[in-house]
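Engineer: Which chain is which? The protein sequence lines are E and F, in order.
FYI, this note's numbering numbers position 199 of the first sequence as 1218, with every residue one higher than the one before it.
FYI, this note's numbering numbers position 10 of the second sequence as 1029, with every residue one higher than the one before it.
No lab work stands behind these hints, which were simulated from the structure alone.
Heads up, some of the hints might be wrong.
Since the list gives no way to pick out one identical chain from another, each pair is judged satisfied if it fits inside one copy or across any two copies.
Keeping only pairs whose Cα atoms sit at most 27 Å apart, straight-line, the calculated DSS-like set for lysine-lysine is [as the list claims (entries may be wrong)]:
#1 K1022 to K1197
#2 K1046 to K1197
#3 K1272 to K1233
#4 K1022 to K1033
#5 K1025 to K1049
#6 K1240 to K1046
#7 K1031 to K1312
#8 K1046 to K1025
Protein chains: 2
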Amino acid sequence: MGKIGKQTVILKNKPNIISSYSIVGPKEGKGPMSAYFDKIMPDDMCGQNTYEKAEQKFMEKAVFGAIDKAKMRPQDIDMFLSGDLLNQIISASFTAREFDTTFIGLFGACSTMTESLAIGSCLVDGGYVDNVLCATCSHFASAERQFRYPLELGTQRPPTAQWTVTGAGATILECTGKGPYIEAVTFGKVSDYGITDVNNMGAAMAPSALHTLKAHFIDMKRTPEDYDLIFTGDLGKLGSEILIDLLEKEGYKLGVNYNDCGCLIFDKEQKTFMGGSGCGCSASVLNSYVITKLLNKEVKSVLFLSTGALLSPLSSQQGLSIPGIAHAISIRSD
Amino acid sequence: MGKIGKQTVILKNKPNIISSYSIVGPKEGKGPMSAYFDKIMPDDMCGQNTYEKAEQKFMEKAVFGAIDKAKMRPQDIDMFLSGDLLNQIISASFTAREFDTTFIGLFGACSTMTESLAIGSCLVDGGYVDNVLCATCSHFASAERQFRYPLELGTQRPPTAQWTVTGAGATILECTGKGPYIEAVTFGKVSDYGITDVNNMGAAMAPSALHTLKAHFIDMKRTPEDYDLIFTGDLGKLGSEILIDLLEKEGYKLGVNYNDCGCLIFDKEQKTFMGGSGCGCSASVLNSYVITKLLNKEVKSVLFLSTGALLSPLSSQQGLSIPGIAHAISIRSD
């Protein structure tokens, strides 16, 4: 128990997922995951007057949704671990302002959901906090104008582009209960294969997904077949094909038990090209579809890995390439 | 042992500070802390062609400086916990790219030094990682152009302004050795008293320093007199005066054992108005002056608290106020 291998920790006190909540915008609500989300907003502005304020509303609704679902009060939450894509993670910080709990701000780009769960589950497992609320969010319009172009410009999207999910997800962990629990976490390292195209995030993130998955399989002495389901965060269609190829070269075969949240959340008719992305992508799919499958005992073991592209518009403007990172969590429902 | 009170954790395995390293720019090198820094760079561009690349160089030099000082190799580091002020914490992420270790990206603005040490010491204490390297940095010129105005504009600075420190600090923690160790951490909550002036960070952060200090004293059943020295991160002159007043109203008196890193790092002749600020301020003072005093046994107990203003230029432009946060660590040298 505790640390095994190089990057993995087995959690001896089984941090339970005592609550999870997902909320998405109207476009995501029309996609294949529709039936699983807790809430689909009819208006992606959430009644706010800026995209960024709307994004924060999604986060707030996810956080308070998870608290309500657990029949807890906001003051019962011991620690809030959160981050998002916006500069200085304002969606997370301004949500933390809304309730009286300790706050750890994180930045792992689209890997933030599993980053928060990986750190949160260690802190709960070790008795350093009684429970943690882990959450993240993203918004298509705020991400486009921050990372690429303002929507008003009507810029054409290249075929390798992904569509930032408008949505949020929140999970509460506590070492009590009999729900699905986090068995192990594998912390990721930063990889950089020299991709400089901000419209090809999948390719930038695939190597980090490879490294974390490989580290997980080696540390746990397992293979992909040992899991009922394996999910990557938001590599999208191109990125997940690259990952399958890269893993095959390393001797691991991802089979029909593998899928990518970016590929699951939209269907082809929705014209998102390579699929979904953004912190809200893996957050909303994990806290709806994946956890429902575990709760219903349709599956017993899930390996879940969110991937992040650690770029900034500024680093791109200064000609730097895009580093990637991915953290994995193994969830079981015995 | 473990969690005591509402926000505090006592670390039973005494995470030791096995190495610390500080590096600053030429202006900081001329200040009162001069003799304590490991390295003073003669050129604040560090041989780079942009301010942001220079900032990352400071971080890199601090990180590898701490590793060298510990007589370790980069691959001996188990986890790197880091963040900075730049959008998408690129100084931290791009430094993480330079060595083969797991990475947790954090954002706590100028509270990042104690945020990383608070999380890092729990992870080391619980045996989830063998050791952690915690680091952060800031750069005057990159911060000015991101948060306020490009230096080229020559904008006049108001008297409440602070001067972002060009520098970085890094600390390695491991549960072995006989050096100063982290006895306890108090995690902070987000406070917002409605300050909207981006040139008055001290006032925005003072309430969060108050809350974390008060929580620490209550949880630990201590008073300010129980510490040889108490430091706040970078409230600056105005902010620390506000803190002294606020604490007095709560029945706690900060005496001559109290100081603020922002007040310590520059002297009056350096015309920084309210003093230093930025992630690099508390990071460089902690990893030089403070740890030296503990190592030399001049003092035995230090309460150290970095404070962060969680604003973004975007949230300010949209009329939102500035939330603050502060995390505290208690360091002992028995």
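Engineer: If a hint holds in the structure, say so; if it does not, say that too.
Structural biologist: Now the hints, each set against the structure:
Proximity of K1022 and K1197 under a CA criterion of 27 Å is satisfied in both settings, with 24 Å inside one chain copy and 23 Å between copies. Taking identical chains as interchangeable, the C-alpha atoms of K1046 and K1197 are never at most 27 Å apart, the minima being 34 Å within one chain and 58 Å between chains. Taking the shortest alpha-carbon separations for K1272 and K1233, only the intra-copy value of 11 Å comes in at or below 27 Å, while the best inter-copy value is 54 Å. Taking the shortest alpha-carbon separations for K1022 and K1033, both the intra-copy value of 14 Å and the inter-copy value of 18 Å come in at or below 27 Å.
In this homomeric assembly, K1025 and K1049 never come within 27 Å of each other (Cα to Cα): the closest approach is 42 Å inside a single copy and 43 Å across copies. Neither within a single protomer nor between protomers do K1240 and K1046 lie at most 27 Å apart by alpha-carbon distance, with minima of 40 Å and 53 Å respectively. Within a single copy, K1031 and K1312 get their C-alpha atoms as close as 23 Å, which meets the 27 Å cut-off; across copies the closest is 39 Å, which misses it. Within a single copy, K1046 and K1025 get their C-alpha atoms no closer than 41 Å, and across copies no closer than 41 Å, so neither meets the 27 Å cut-off.
Checked against the numbered hints given earlier, this structure breaks hints 2, 5, 6, 8; the rest are met.
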